[in-house]
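Q: Each residue of the sequence shown is one higher than the one before, counting from 1 in my numbering.
These aren't lab readings, by the way, just hints derived from the structure by calculation. Fair warning: this is a prediction, and the values are worked out from it, not measured in the lab. Watch out, some of these pointers could steer you wrong.
Restraint ranges, calculated between C-beta atoms of paired labels, are given here [as the list claims (entries may be wrong)]:
no., residue 1, residue 2, range
1, P68, N23, 29 to 37 Å
2, V54, K27, 16 to 24 Å
3, I6, T26, 32 to 40 Å
4, N35, P3, 19 to 27 Å
5, V24, R81, 22 to 30 Å
6, E63, A85, 24 to 32 Å
7, N11, R83, 47 to 55 Å
8, I6, P68, 17 to 25 Å
We put the CB at the ideal spot given by N, CA and C, even for glycine.
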Amino acid sequence: TLPSSILGNQNYSILKAAYSYYNVSTKTPLTQLMNDVLIVAKQKDFDVFNALDVMHNESFLKELKFGPGDGQLHYYLYNYRIRSALKPSGLGLVLL
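Make a model of the complete structure from these sequences and hints.
A: In structure tokens form, the structure reads like this:
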């Protein structure tokens, strides 16, 4: 969780955001697992749930009605050479 301050709003002062970084599912289908996680996040009073379109996440994003963000994410890759662009499904990130 990463609570963020909401400035200039009389009704709300904090936004509770949940993030999905790594998902491993062996027996439960990934879409079902993520649906269950969304239910738990709602029960825990999170306002928003974020997931990137990397690795196998694209398999559940559309079905679970995730909307695209504003696209203002910036990644820095150092000493990384590739001949052609990577597809999001072929990319994994380690967030520090």
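Q: Work down the list of hints and note, for each, if the structure agrees.
A: Evaluated hints:
1. P68 - N23: 29 to 37 Å: This hint is violated: roughly 19 Å between Cβ atoms.
2. V54 - K27: 16 to 24 Å: Because 23 Å falls inside the window, the suggested range holds.
3. I6 - T26: 32 to 40 Å: Once the Cβ atoms are compared, 39 Å apart, the range 32 to 40 Å for T26 and I6 holds.
4. N35 - P3: 19 to 27 Å: At roughly 24 Å between Cβ atoms, P3 and N35 fall inside 19 to 27 Å, so the hint holds.
5. V24 - R81: 22 to 30 Å: holds, 29 Å
6. E63 - A85: 24 to 32 Å: holds, 26 Å
7. N11 - R83: 47 to 55 Å: holds, 51 Å
8. I6 - P68: 17 to 25 Å: Holds, since I6 and P68 (Cβ atoms, about 22 Å apart) stay within the stated range.
Taken one by one, the earlier hints fail for this structure only at number 1.
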